[in-house]
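Chain B: place on chain A using the hints.
Heads up: the sequence lines are chains A and B, in that order.
Under our numbering, the first residue of the first sequence is numbered 699, with each subsequent residue one higher.
Under our numbering, the first residue of the second sequence is numbered 699, with each subsequent residue one higher.
In case anyone wonders, no lab produced these hints; they're calculated from the structure.
Hints may be right or wrong, so weigh each one.
The list cannot tell twin chains apart, which means a pair is met if one copy fits it or any two copies do.
In the SDA-like style, the derived pairs of lysine to any residue whose C-alpha atoms are separated by at most 25 angstroms in a straight line are [unchecked claim]:
#1 1191 <-> 1032
#2 1191 <-> 1171
#3 1191 <-> 1294
#4 1191 <-> 1297
#5 801 <-> 1121
#6 1191 <-> 1293
Here is what each chain is made of, one letter per residue.
Number of protein chains: 2
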Amino acid sequence: MKRLLVGRPIPTSAQAGQRLVKLLALAVFSSDAISSTAYATEEILDVLVPKAGLEEAIDTLIPISIVVVVLLALVVFSYRQTIHAYPGGGGSYIVSRENLGEKPSLVSGGALMIDYTLTVAVSVSAGVAAVTSAYPSLNRHRVLLCLGVLAVLTLGNLRGMRASARLFAIPTYLYILSLGALIVIGLVRSWTGDLDALPTNEARVADFTGGAALVGITPVLLMRAFSSGAVALTGVEAISNGVPAFRKPEPRNAAITLTWMAAILGSGFFLLAVLVHRLNPTPFDPSSPNYQTLLSVLGEHVFGGKNGAYIVLQASTALILALAANTAFADFPRLASIIARDGFLPSQFTTRGDRLVFSNGILALAIAAGALLIGFRGVTNSLIPLYAVGVFTAFTLSQAGMVQHHRRNREVRWRRGLAINAVGAVATLAVLVDVVVSKFLIGAWIPVVLIPVIVVGFLAIRHHYARVDAELRVPPGWHAPAVHHVAVVVVQKVDRGVAGGLAYARALEPTRIEALAVAIDDGDREAFEGAWGAADLDVPLTVLDSPFRHFVGPIVGHLDAITTDGSVATVVLPDLTVDHLWQEPLHNQQTLLLVNELRERPRTAIVLYPYGAES
Amino acid sequence: MKRLLVGRPIPTSAQAGQRLVKLLALAVFSSDAISSTAYATEEILDVLVPKAGLEEAIDTLIPISIVVVVLLALVVFSYRQTIHAYPGGGGSYIVSRENLGEKPSLVSGGALMIDYTLTVAVSVSAGVAAVTSAYPSLNRHRVLLCLGVLAVLTLGNLRGMRASARLFAIPTYLYILSLGALIVIGLVRSWTGDLDALPTNEARVADFTGGAALVGITPVLLMRAFSSGAVALTGVEAISNGVPAFRKPEPRNAAITLTWMAAILGSGFFLLAVLVHRLNPTPFDPSSPNYQTLLSVLGEHVFGGKNGAYIVLQASTALILALAANTAFADFPRLASIIARDGFLPSQFTTRGDRLVFSNGILALAIAAGALLIGFRGVTNSLIPLYAVGVFTAFTLSQAGMVQHHRRNREVRWRRGLAINAVGAVATLAVLVDVVVSKFLIGAWIPVVLIPVIVVGFLAIRHHYARVDAELRVPPGWHAPAVHHVAVVVVQKVDRGVAGGLAYARALEPTRIEALAVAIDDGDREAFEGAWGAADLDVPLTVLDSPFRHFVGPIVGHLDAITTDGSVATVVLPDLTVDHLWQEPLHNQQTLLLVNELRERPRTAIVLYPYGAES
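Okay, chain A solo, but in the shape it has when bound (with noise of 0.2 angstroms):
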């Protein structure tokens, strides 16, 4: 079964790199931000809609869509800095842990999990949306859909989809030109007069403020949009993550391609606002039972219906969608084997699995990102006040950590990279307080929660290792005491596997060897000795009573007696092995009871001793 899901093992021998160059690379890194654009302005327009109506909310659009470029173009310079200083790979966690020390480095390893949580969560409901405006049927089947993605998403990541560069340029290339001719089109035949601005529809007005008077805007509105807006930035650290991938010279390939890719978002994000301002579309409220996303409105009027340009913007926006959410796959796992390196996570996130690849980090990111999406019944719009508040934190945390840096080894130019660092930190940190502030009671406060408690966790276990490691060090010279032991073999019944069970345990040598039955109903006691003594095994046997028909206490009150000077009980566990998996419940039941109670007592062995057709 797993093998069918999951494939063959791949051995170790295999892991092999691979540079890309900067066009391939450009796809590889770029999906998670440039897919962005799919959902980002639809997002502002969403905010100002139900406060202060159609018209006021898309002249407000590109003012806002203005800063979120300028505030790009900040963190974008921010980050060519960590390239060139961290060519190893700089992610946040990283290189807050280099340079402002443990906790801030928690907090952000905290904020980038939740992060890529969210980044899954948001991209598979963004990129389901995308194909439930085209047909919009489906829309009801909405969060099924997403979990179909996100399935499939997670058995490509344990199966460890070593897909070429070259395919997963595919998507992200299409989009940028879908999108572009969306833009260039729209705006050509806007200009020309062969296309007419849309009329305001009233009736989807109404649904986002529910007939309630409209208040205008006002500061708070502008800041939550402005927030709403900023996650178009979510996604562009991945360069900075992933430097080593790229050829010789690998810090300047890189940050000319993070340029690029901040020129083709920051361009495609500020058009796509004067396109809405040109067209004056309007935006279908997101729970609104035929939803369509905005840019589903803007390409079936740009492209005169649901053509063959539309299915293709819309399939295109989707890929895109589902790559920005795999690259959360390949991130979080490798971050998680990383935090649980340091001691701060269970060693289980270190193990890469059959398929070479981190499963246990995959199988956690899709739970959670299930129950995201299960949650917030798969409505993006619900999600987007989380989304950016571990986005901020880890941005800022990062240029923070750059300013430490920059002080500390002073290299060429480090004033001016100090600047670029202090002015970009301050500007996330100001993005960070923006969403919090705006946001907090329709979500963001659950990130705020849960952050702190993350990294509490983190401490909790990095403590809970350390003591037992230092507990259980072998002190050289050290010698573990001798050990004498008294077999305790369990019957249930008197059967084959009781008597291998007791040559078993003579094998051992033990002071003394017991046999122990319970009598839980009403004439077991009889029916055990009776057998017994047909039966003729050489040991005596004890029959323990059970007023209330439990199968361990009794057999735990025994054992007490026999550990109290110091011995070890060898307790024998006959276990049948059967040749079908469907007959295994009809065996064992009270002796896995039986080993899940014992093995929390000390001075208590448990051996499971397997008996069958064999034996």
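Quick look at chain B alone, frame taken from chain A:
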């Protein structure tokens, strides 16, 4: 947690009998049968209205009801015979096992298990419908409400509700009184001209027909409508199962109580049809969002609104239906324990839990009924086609068993008894055929497929148990061969746990001791060997390579080599005991994996040896 939900354990000695006077016995045993008046009439109309319209449906209701009442009389006469023949309790499984042999008794057992599961599902959904009829806004939370009621019943039964029969009597008699009041007040007001018939609600009728033209009453429609009405008979066998609970002379008192029950059920069901005929209520389509039960429509009209009397009717309906479901929670686990004692179900079903109840049977029933409620969206009407198959299969086999009983035993007046049971068997068989034929495609196929599957499962389980028993029997004078063993201590980390494991292994006096580690990542081999040298543990360490990063695979290969000469491999797994539950996932994951993988291997004893602060 379990203690809080389920309560403190109860000793076996608390199992005690309590004899019931007839008036209480009637309440205890008849809730299942009498409660079916709450939905059976409506189910007949639901079949007829879509094809024949309301007027013709109501005209056909009275003749169908008369046939159902005649069938009830035949079945009750039949069961009076069973009561006298089996004063110790004559369930269908026991009667067919004694008289018809193994296979028919298994068919009967499978049919009854399905019947009890559907009793729970149908009664819970109909009870919830009584509540949502009074508060229609709750209708969209129907499935959740059903699962809530199911959870309460499950927990109550796991606790072993020993509620006094007096407490059980309240809802039953309250329902009988409310239904009686509805019928008497309704008929008197109607006959005196104080209450007009309701006008046909054309919109509701259109919900049923979906705008299609009426085709009138056809023979197939009549068959289907009759089979829906026949569900009124479910539960009449309860008294014959419970004869020993009556005061002496048990058979006589039980037979009298059965006749009373039949009189109440038959007259209630028939008079309800008459009332419907007088008042012309239009039922709601069961999938309608503002669905109300027929009883609710009648109650509102007769009592003059949703007033106090109406609420008492709805509440008592919900309560008696909950009680009916609760009956199945007593019957299913008891039946499963009898079948398991005969070896056809896993032995876990025979063990009484902490609270003296058959916990596994209760949980199995809850899961199956929960699945039905979710799968059929908590709609009574969708469950009805499945319901009657199990009931009438069990009825038929029980009556046929009685025919055989009379032929064999030839007691006083056996010819009369034989005639009565033969008529009963033929009548119930006819109903069974009617249900299967007329409703095969709309749900009856499910039990038709399931019953043989269950029977095959029963036989496979018994065959397996018998084979294992035979193979594992200890022949007189047989002794298990002597064992020689090699101890293998698995090293995951060089610490006190390994030192302790080695000391314990030494006490087991094996022919040889090995310490075994697996090098999963690059550098593991050197790390293990370095730490081993430093710890100075007397036993040489073998480090196995693992190109696929598997932990278990290389160990299995090594054990194969050890056991080829007939030695047993004693695999000692040092098992870290933790102080708190949350620390559990931080340790021992590889150990548990190894236990799971090695449990299937012959000649391999798995030893979990605890270590922690104590050792």
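A quick look at each hint next to the structure:
no.: 1; hint: 1191 <-> 1032; verdict: between (51 angstroms within a copy, 24 angstroms between copies)
no.: 2; hint: 1191 <-> 1171; verdict: between (43 angstroms within a copy, 10 angstroms between copies)
no.: 3; hint: 1191 <-> 1294; verdict: both (20 angstroms within a copy, 23 angstroms between copies)
no.: 4; hint: 1191 <-> 1297; verdict: both (23 angstroms within a copy, 20 angstroms between copies)
no.: 5; hint: 801 <-> 1121; verdict: within (23 angstroms within a copy, 83 angstroms between copies)
no.: 6; hint: 1191 <-> 1293; verdict: both (17 angstroms within a copy, 23 angstroms between copies)
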